[in-house]
Amino acid sequence: MNSFPGMGASGGGGGYDQNDPNIKAINAMMESCFGKSVISGVMGFGMGGLFGIFMASMSYDTPFHTPGGPGSAVKPIAELPMSQQLKVGFKDMGARSYSTAKNFGKVGLLFSGIECGIEGFRAKNDLANGAAAGCLTGGLLARSGGPTAVAGGCAAFAAFSVAIDAYMRQPSED
Amino acid sequence: MSFFGMGRPQPTSAEKIAAVEAEMKLLTEMANRLTKACQKKCIPSEYRESDLNKGESVCLDRCAAKFFDVHMKVSEQLQQESQQRSGGGGFGIGG
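Those sequence lines, one after another, are chains A and B.
Quick note: the first sequence uses numbering that gives the first Met the number 0, first residue 0, plus one each step.
Quick note: the second sequence uses numbering that gives the first Met the number 0, first residue 0, plus one each step.
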């Protein structure tokens, strides 16, 4: 009874034995909505960090003078010793890159989790999942800006997501 | 020859083999029908990748569960119907 409907395919995908319960558990964990959203969030965090470093190098609003406090006077940064200048520069770059990384990570986490949830609920795989997930993500991220911002974020994210999805689903040329 | 079993005669081994064969045929046919129906319903015919994505897996799970549910319910109804008919027919004949 249990031999003909399901064939026990011998493993060999990449050298792993597919029938190993541990491998199956890990694969199931990675394919679950939670695993997908965590992976997306981490990758978004990494990409956001790199992007933030790049954008920080082009930023024009870094201060020219030290903040100056009750103890020290205000000094232009260019007069500090080189190690101090580097420290200030790296700290600024790190803060910008961290904030961008956090934003990208949040976007990735939310979008991936919501899209996986909608797809699991609808049991269908088409462009509407990405559109709805993009709308909810954009709306959630813009919720502190009032209803216009929420609507704008929803529309923008949904359009972006549909565009990327449509491009990825194009039939390949070969 | 002496047989101790009063009542129904035991099936011979040939009959047992035939019964098992018939059951296997039924099960194979049911599995084929299930596969065909769920594939037609759940998996669109443009194959962009070889792995089942989440929507298709969920759809197949639900399709198989519903198929078996339908099969169970319909068989129950069929059994009730046949019992009623045979019981009613028996009373009709006897009365």
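Please keep in mind that the hints were generated in silico from the structure rather than gathered at the bench.
Be careful, since some hints might not be right.
The calculated BS3-like cross-link candidates involving lysine-lysine, where the alpha carbons are at most 30 Å apart (straight line), are [claimed, not checked]: (1) A/K35 / B/K39; (2) B/K53 / A/K23; (3) B/K65 / A/K123.
Which stretches of chain B does chain A cover? Using the computed rule of at least three CB atoms under 8 Å from a CB of chain A, they are [as the list claims (entries may be wrong)]: (4) 9 to 20; (5) 45 to 54.
These numbers were taken from a predicted model, which means no experiment stands behind them.
All C-beta atoms in this analysis are idealised placements derived from N, C-alpha and C, irrespective of residue type, glycine included.
So, going through the hints one by one against the coordinates:
| no. | hint | result |
| --- | --- | --- |
| 1 | A/K35 / B/K39 | 28 Å, holds |
| 2 | B/K53 / A/K23 | 16 Å, holds |
| 3 | B/K65 / A/K123 | 17 Å, holds |
| 4 | 9 to 20 | violated (count 0) |
| 5 | 45 to 54 | holds (count 5) |
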